[in-house]
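Trainee: From first to last, the protein sequence lines are chains A, B and C. Under the UniProt record's numbering, think of the first position of the first sequence as 1, with each following residue one higher. Under the UniProt record's numbering, think of the first position of the second sequence as 1, with each following residue one higher. Under the UniProt record's numbering, think of the first position of the third sequence as 1, with each following residue one higher.
Hint data in this document are derived by calculation from the structure and do not stem from the laboratory. Note that CB positions come from ideal geometry on N, CA and C, so glycine has one too. Be aware that one or more of the hints could be misleading.
[Claimed, not checked] Where chain A lies over chain B, by a calculated footprint (3+ residues, C-beta under 8 Å):
{"id": "1", "segment": "116-123"}
{"id": "2", "segment": "307-321"}
[To be verified] Below, a sample of chain B positions facing chain A; criterion: calculated Cβ distance under 8 Å:
{"id": "3", "residue": "Ser72"}
{"id": "4", "residue": "Thr74"}
{"id": "5", "residue": "Glu83"}
{"id": "6", "residue": "Leu85"}
{"id": "7", "residue": "Arg92"}
{"id": "8", "residue": "Asn127"}
{"id": "9", "residue": "Asn135"}
{"id": "10", "residue": "Gln136"}
{"id": "11", "residue": "Leu140"}
{"id": "12", "residue": "Ile170"}
{"id": "13", "residue": "Met172"}
{"id": "14", "residue": "Ala299"}
{"id": "15", "residue": "Ile325"}
[What the hints assert, rightly or not] Examples of chain B residues toward chain A, derived with CB under 8 Å:
{"id": "16", "residue": "Ser45"}
{"id": "17", "residue": "Leu89"}
{"id": "18", "residue": "Ala128"}
{"id": "19", "residue": "Tyr129"}
{"id": "20", "residue": "Leu143"}
{"id": "21", "residue": "Ser161"}
{"id": "22", "residue": "Asn163"}
{"id": "23", "residue": "Phe164"}
{"id": "24", "residue": "His166"}
{"id": "25", "residue": "Asn167"}
{"id": "26", "residue": "Thr168"}
{"id": "27", "residue": "Pro169"}
{"id": "28", "residue": "Glu171"}
{"id": "29", "residue": "Arg295"}
{"id": "30", "residue": "Arg349"}
{"id": "31", "residue": "Phe350"}
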Amino acid sequence: MFIHVFIYRFKCLIRDRQMVFWTLLFPLLLATFFYMAFINLNSDETFRPIHAGVISNAAYQQDQSFRSVLTDVSKGEDRLFNLKVASSKEKADQWLKSNRIQGYYFISGKELHLTVKGSGMDQSIMKSFADQYRHDHIAVEDILQTNPLALNHGLMADVSNHQSFVKETSGGSAEPNNILNYFYSLIAMACLYGSFWGMKEIIDIQADLSDRAARINVAPIHKLNAFLAGSCAALVILFTEILILLAYLHFGLKINFGNRAGYVLLTAFIGSVLGLSFGAFVSAAVKKGEGVKTAILMAVSMGGSFLSGMMVMNMKYLVAEYVPLLAWINPVNLLTDAFYSLYYYDSLQRYALNMGMMCAFIVLFCAGTYQIVRRWNYASL
Amino acid sequence: MPVFNLCLKIIRKNWISISIYLAIFLVISVLLSTNSAPKETHNFSQEKAKLVFISKDHTPLTEGFRKELAKSATFVKIPDNTEKLQDALFFRQATYILRIPKGFTENVLNGGSMQLEKTIVPNSAENAYVDLSVNQYWRLAKLYAKHEPQLSEKQLADKLSANFSHNTPIEMKAQIRAKTDQGFSMYYFNFLAYTLSAVLILGISTVMIVFNKNDLRRRNFCSPVHASSINSQMILANLLFAAISWVILVGFCFIFDSKNIMTPNMIYFLLNSAVFTLCISCISYLIGNLLGNLRNMSAVCNVVTLGPCFISGVFVPQQFLGETILKIARFTPTYWYVQANDEISQLTRFTWTDLSPVFYNIAVLIGFSLAFLALSLVVGKRKRLTDR
Amino acid sequence: MIIQVKNLVKRYGDLVALDHLSFNVKEGEIVGLLGPNGSGKSTAIHCILSLLKYDKGDIEIFGKKMTPDAYDVKRDIGLVMQNVAVFDELTVYENINYFCGLYVRDRAERKRLVDEAIAFVELEAFKKFYPKKLSGGLLRRLNIACGIAHKPKLIILDEPTVAVDPQSRNKILEGIEHLNAQGATIVYTSHYMEEVEQICSRIVIIDKGRVIASGTKEELKAMITLGEKITVEVFTIEEDQLRVLREQPGIMSVDYVSKQLIIKSDKGNNNLEIVLEFLKANHIGFGRIYSELPTLNDVFLEITGKQLRD
Chain A
1 MFIHVFIYRF
11 KCLIRDRQMV
21 FWTLLFPLLL
31 ATFFYMAFIN
41 LNSDETFRPI
51 HAGVISNAAY
61 QQDQSFRSVL
71 TDVSKGEDRL
81 FNLKVASSKE
91 KADQWLKSNR
101 IQGYYFISGK
111 ELHLTVKGSG
121 MDQSIMKSFA
131 DQYRHDHIAV
141 EDILQTNPLA
151 LNHGLMADVS
161 NHQSFVKETS
171 GGSAEPNNIL
181 NYFYSLIAMA
191 CLYGSFWGMK
201 EIIDIQADLS
211 DRAARINVAP
221 IHKLNAFLAG
231 SCAALVILFT
241 EILILLAYLH
251 FGLKINFGNR
261 AGYVLLTAFI
271 GSVLGLSFGA
281 FVSAAVKKGE
291 GVKTAILMAV
301 SMGGSFLSGM
311 MVMNMKYLVA
321 EYVPLLAWIN
331 PVNLLTDAFY
341 SLYYYDSLQR
351 YALNMGMMCA
361 FIVLFCAGTY
371 QIVRRWNYAS
381 L
Chain B
1 MPVFNLCLKI
11 IRKNWISISI
21 YLAIFLVISV
31 LLSTNSAPKE
41 THNFSQEKAK
51 LVFISKDHTP
61 LTEGFRKELA
71 KSATFVKIPD
81 NTEKLQDALF
91 FRQATYILRI
101 PKGFTENVLN
111 GGSMQLEKTI
121 VPNSAENAYV
131 DLSVNQYWRL
141 AKLYAKHEPQ
151 LSEKQLADKL
161 SANFSHNTPI
171 EMKAQIRAKT
181 DQGFSMYYFN
191 FLAYTLSAVL
201 ILGISTVMIV
211 FNKNDLRRRN
221 FCSPVHASSI
231 NSQMILANLL
241 FAAISWVILV
251 GFCFIFDSKN
261 IMTPNMIYFL
271 LNSAVFTLCI
281 SCISYLIGNL
291 LGNLRNMSAV
301 CNVVTLGPCF
311 ISGVFVPQQF
321 LGETILKIAR
331 FTPTYWYVQA
341 NDEISQLTRF
351 TWTDLSPVFY
361 NIAVLIGFSL
371 AFLALSLVVG
381 KRKRLTDR
Chain C
1 MIIQVKNLVK
11 RYGDLVALDH
21 LSFNVKEGEI
31 VGLLGPNGSG
41 KSTAIHCILS
51 LLKYDKGDIE
61 IFGKKMTPDA
71 YDVKRDIGLV
81 MQNVAVFDEL
91 TVYENINYFC
101 GLYVRDRAER
111 KRLVDEAIAF
121 VELEAFKKFY
131 PKKLSGGLLR
141 RLNIACGIAH
151 KPKLIILDEP
161 TVAVDPQSRN
171 KILEGIEHLN
181 AQGATIVYTS
191 HYMEEVEQIC
201 SRIVIIDKGR
211 VIASGTKEEL
221 KAMITLGEKI
231 TVEVFTIEED
241 QLRVLREQPG
251 IMSVDYVSKQ
261 LIIKSDKGNN
271 NLEIVLEFLK
281 ANHIGFGRIY
291 SELPTLNDVF
301 LEITGKQLRD
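One chain only, chain A, in its complex shape:
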């Protein structure tokens, strides 16, 4: 009997093309759009050598130390500048105007000048570099004034010694690639869209919601048994859809989920159960028409996704920072954060916390649904 109901519920669900679109195709499409739109966002903050110019006038030719420093930082893999040497100021201005350089240096008198077109990171770095040169110069003069012998003690060598005083210690093994959050919250949204499957199951088992359900209620089959079989069918479908989405993200779009595949799958499974039980609970508890139920599920899924940063990424951080409670009761955020913790943290502590919270929600939703569904007969139909 269980298998009979399971098979037929499976057929019923999988043939609902609307539902399959919203729970599978739509997330896939959205993932593709996200990918196309966001994939270059990270490269925006990546440092690329700055197109810098310098005017080669007499002063520049004389100032050997500046020349060597400048050519030094314009060489090699980690270079600061792509240096262009201009023969005249007019030439440099022309380059600046046509955006071929971000700014140019020129030396007049004893002083180094910088000309730029606007403010920005590149220009600021150029200024820092010029400042550095100037400060070195002042320091040397300063020292020689009090300690003329310093020259003999390797002062010039020390000035040009560019040792690094800072070393990188990574916070964790994963890069803070913030684009990932869009995709994590997208998976979470897809799981929560699974709530529509839960709604369908409830509508087809509660006799006060549909006549089809009344037919099952008068058949010699235990209602919870039938409901369980239907829910299993829904879960199989939803989990498969989420797996397809994960596979597409991972293999198709090369989205990084960290290297704990087992946990990622577990999260996807718990997410599917969460979505399903949420939909079942809301549909059973809200005694209004299908339109109202759909609106509530939609609002929670979309609102939750918004708060977990699917549209505006910083939203997730802001909520966690200023309204932490909201972050902990938002099912979409719990799922997003679980994927995020798996990817980003080496410790599983926060992941476990998220999963625990989701399981608590699942227990709550299932218990609530059970309380409503186990009642057989109704006050009104």
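Dock chains B and C against the given chain A, drawing on the hints supplied.
Mentor: Then chains B and C, alone, in the frame of chain A:
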């Protein structure tokens, strides 16, 4: 005009879902436009990196270092907790976490090799930028300490501070800028592409689908009203709806950005968005002719609105999109609309040469409109004939 | 006794939907529950099936108390509801097979039953069709097939012919008689008295949640005083003459409306003769004459003072 009136009635029946779209759009677009509008500056201002400063070493030098660093960084206060710091880094609340270990000053001044610790967003420009300032300060500190060993730490810090107060003179070759700040208008009008698409496709396709129901279409067909009259009444009603939506949406731009209403740029923004409205109306008309039922409509509506907006630079500016994606986007009218908006926002002079790229984009939009209109008329006719 | 309902009370807030409703259904009967819309027929059916909670009363089916988990009772009940209750996503065959499968585990047995049901409602040509593609009448037939495929001993049909064309309606009615002939006991609710009169072996008339009369149609008609309704086309008649006519033996009421003389008489034998003789004797010219026996509507009218259908 019975058909015309009926069309308006059907639209009025759906005003709730349409106005939900309108409301959501307005909130989002105003939020986004306000946030993304670039702050215009006419003097050079140094960029500041978002930095978390954690010092376990408290000496006059580290204090001086902190003050110097403040020129190129804004300090973000994050508790010294691995996860909190990692979160801040991920969501770019901070891009550089700097930690001064205990005994660092003493070690450096005595020629040791102790290093500061940083956690960063890899390969970021801000990283390169902050590194310059950090290294410079300690390099000079070490230099002074080595060659003027008699200086106390306090004196050393003062010397450095005096040295760093010297700045490179900077000349701004400011371009001639647009008369007013077009940032808000540009973002608003770009985002308009999304709502206009959503609202128009929703409204117009609904009407078309209702009218294209077999029974209804046959009944219309049997009436003594000429087929072309039915069609033109329908198109007229849809255009009226499109025009009203356009007026409402554009009206809000005036409210939020009232100081820019009178700029000549605004005229071209309006022209561009009006042509875009026309183009989307034609697409909606086509969708309405193609789709058989209302249930599929929200799916199609979502894909047709979201897709082009994502790849054409409505949500993410075009300069951040890949070459290939922009090439694909060229097949959508949204791309040309956004292009035109970008051009318009940069207009400072209004000669024919300045305007020609704008008109070129608008011409492409008109081309799209005509193509969609022709296509939908063909589809509509075929549907009438091969009726089932 | 197949169904025994005793003192069933169901309230919706202040509204009393069923007011101490009691009736029986015996094996082999076709019992019609007749009543106007809103009289409580469907509510009663839903209570009997334990779909609805009720406030008071006892319901026994097959001699056992009916509860939501009385599976062995449910196994022998078939239900056909007012609204078409099928899955849009399943084909005609799959729908019937699904519902039948809730009752019958054995696959081969089930296949036979489903095929029989399809043959019974004559949907053989539409096995692979989805419900969306079926016309109204065919959909009703599918709805019935879903309820009866498992060969139940008791079939409850709740207004199965609402909004069905006359041809399909006759098919359905014939089918019900056929099922009855095969041994099923049938409970049939309707507000069409013609249908009930046509097929039911016993009729229970319900109004405002109470049984106001029950019995075979002959018994019901015997219950009321009206025996015959005579209509005569009369061109002119005096008020005095009408008064005299009213005083004739056996005549209950006389109305003269738009040249129609409507005379209701009791169960005497020669009412028509009395009327005709009176007309002749008074030299009153008349045209067509016809005489009718009372209908269930007259029964309902006489008991409740209102029409069955308005």
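Trainee: Name the hints, by number, that the structure is in violation of.
Mentor: The structure breaks hints 4, 21, 30, 31; every other hint is satisfied.
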